[in-house]
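Number of protein chains: 2
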Amino acid sequence: MRPSKRDEIVHKALQIFYENGFHATAMDTLVAKTGISKTSMYNHFKSKEDLIIAALRLRDEQFHEWFNKRIKELGTTPRSQLLAIFDALKEWFAQNEFSGCMFIKASSEYLDFNSPIHEISSDHKRSILNDINLLAEKAGAKDAKKLSCGLFLLMEGAISMAHLMHGTHSATEAKASARVLIAEALDDK
Amino acid sequence: MRPSKRDEIVHKALQIFYENGFHATAMDTLVAKTGISKTSMYNHFKSKEDLIIAALRLRDEQFHEWFNKRIKELGTTPRSQLLAIFDALKEWFAQNEFSGCMFIKASSEYLDFNSPIHEISSDHKRSILNDINLLAEKAGAKDAKKLSCGLFLLMEGAISMAHLMHGTHSATEAKASARVLIAEALDDK
DNA sequence: TAATTTGTGTACCGATCAGTATTTAAACTA
DNA sequence: TAGTTTAAATACTGATCGGTACACAAATTA
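Residue numbers (the numbering used here), protein chains in the order written: chain A, 3 to 191; chain P, 3 to 191.
No lab work stands behind these hints: they were computed from the structure. Hints should not be assumed to be uniformly reliable.
When chains are identical, the list treats them as one kind, so a pair holds in a single copy or across two.
[Claimed, not checked] The calculated lysine to any residue pairs, modelled on SDA-like cross-linking and capped at a C-alpha distance of 25 Å, are:
{"#": "1", "residue 1": "K144", "residue 2": "S42"}
{"#": "2", "residue 1": "K148", "residue 2": "R81"}
{"#": "3", "residue 1": "K144", "residue 2": "F65"}
{"#": "4", "residue 1": "K148", "residue 2": "L188"}
{"#": "5", "residue 1": "K177", "residue 2": "S6"}
{"#": "6", "residue 1": "K40", "residue 2": "F115"}
{"#": "7", "residue 1": "K148", "residue 2": "M167"}
{"#": "8", "residue 1": "K40", "residue 2": "A26"}
{"#": "9", "residue 1": "K48", "residue 2": "H171"}
{"#": "10", "residue 1": "K50", "residue 2": "Y112"}
{"#": "11", "residue 1": "K144", "residue 2": "V33"}
{"#": "12", "residue 1": "K147", "residue 2": "G169"}
{"#": "13", "residue 1": "K40", "residue 2": "D89"}
{"#": "14", "residue 1": "K35", "residue 2": "K48"}
All chains should be modelled from the sequences, with the hints used to inform the complete structure.
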């Protein structure tokens with residue numbers, strides 16, 4: 003098995019699903035836009051849902067890598083890194099390919115809670131929350147769980163609104179509120 | 003024109019779109035589940051998109067009415083009403099028909115920024131933010147815009163996460179952070 | 001009662017959907 | 001070089017999609 007072909011399919015499908023939606027992207031569209039034959043696709047994935055799942059797993063990897071790397075680049079201390087979350091978000095929102103959170107979109111289209119698509123999406127969010135929680139603990143928050151939940155919800159709200167309102171504004175607003183939450187969790191004696 | 007039939011179609015379509023998704027709900031499904039003939043539907047709406055738009059407008063009305071009413075019932079002062087937002091959300095999340103925000107789902111499926119569906123969704127969110135902002139002003143926040151934006155983002159994050167994680171937890175967490183933001187905006191001299 | 005509007009049932013349209021069969025060719029492996 | 005795996009092109013399947021045509025029934029209006 004040559005893994006490169008499979009990877010090529012997943013990478014290209016991910017991009018097309020992201021900008022077009024899942025139901026709205028037909029397998030024929032994928033064939034037309036990628037130049038890869040349908041036979042090859044069904045050789046590597048037994049169904050469209052399987053391909054979607056693979057794309058979501060790739061996205062999960064990509065996002066985690068980018069998120070944690072960028073936060074560490076934008077902030078030097080755990081505390082500044084907590085705030086840097088929102089600088090990283092702003093950069094993301096500013097990209098013209100930005101089109102919201104892939105997992106929110108996936109779970110919006112596949113509403114069955116038992117669907118693996120829904121499961122992957124919630125797992126993804128849980129692990130992002132976990133990343134933030136580790137940062138909050140390292141920063142010495144008096145209630146790391148409370149702080150990380152607050153920052154996480156601000157982040158999620160900002161992502162949704164950046165998509166809907168089509169701008170980077172929500173990142174700035176989220177950062178302002180994040181500053182308040184961080185100050186309360188770290189400054190108070 | 004008898005308006006009752008049109009209303010019946012919109013009300014029933016709203017519910018079905020909400021629990022099944024937009025692309026995933028075929029017009030034939032609507033016919034089967036409502037018992038209303040397809041001819042009648044296309045008599046009142048010139049396309050599926052038109053019906054979706056009507057359903058979203060109804061949802062906007064319904065949500066606003068419920069939201070503002072429930073906040074006023076759950077809180078006596080502007081300040082307690084700001085906090086009551088999250089009690090209202092918790093009630094919403096606890097309903098077993100709850101399946102996330104209809105407008106987030108709509109804009110997740112119809113990704114074209116120029117689509118009227120996208121427009122209705124962003125208008126809806128803007129007016130919710132406006133409702134919160136009015137409350138923040140009445141409460142005497144030193145920076146009402148900042149406070150209302152923060153609470154709004156917490157609310158949006160909580161809605162998304164309640165859907166993904168399938169629980170009411172996010173409302174409680176959002177409320178805890180909201181308390182911090184409200185205290186900072188109202189208590190500090 | 002006569003005319004008009006509105007809803008229904010049914011059958012249909014061309015397009016498109018996810019997925020498959022078949023054949024042929026190219027590329028890797030032995 | 002022979003054999004095996006993988007990709008490709010093409011054409012197809014049955015189901016379903018959004019939307020329409022048509023004939024008929026019920027209710028409203030005049």
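Hints, verified against the model:
no.: 1; hint: K144 / S42; verdict: neither (54 Å within a copy, 61 Å between copies)
no.: 2; hint: K148 / R81; verdict: both (15 Å within a copy, 21 Å between copies)
no.: 3; hint: K144 / F65; verdict: neither (28 Å within a copy, 37 Å between copies)
no.: 4; hint: K148 / L188; verdict: both (12 Å within a copy, 21 Å between copies)
no.: 5; hint: K177 / S6; verdict: neither (40 Å within a copy, 47 Å between copies)
no.: 6; hint: K40 / F115; verdict: neither (29 Å within a copy, 30 Å between copies)
no.: 7; hint: K148 / M167; verdict: between (28 Å within a copy, 17 Å between copies)
no.: 8; hint: K40 / A26; verdict: both (17 Å within a copy, 23 Å between copies)
no.: 9; hint: K48 / H171; verdict: neither (42 Å within a copy, 37 Å between copies)
no.: 10; hint: K50 / Y112; verdict: both (13 Å within a copy, 20 Å between copies)
no.: 11; hint: K144 / V33; verdict: neither (53 Å within a copy, 56 Å between copies)
no.: 12; hint: K147 / G169; verdict: between (29 Å within a copy, 17 Å between copies)
no.: 13; hint: K40 / D89; verdict: neither (41 Å within a copy, 50 Å between copies)
no.: 14; hint: K35 / K48; verdict: within (20 Å within a copy, 31 Å between copies)
Hint check: violations occur at hints 1, 3, 5, 6, 9, 11, 13; the rest are consistent with the structure.
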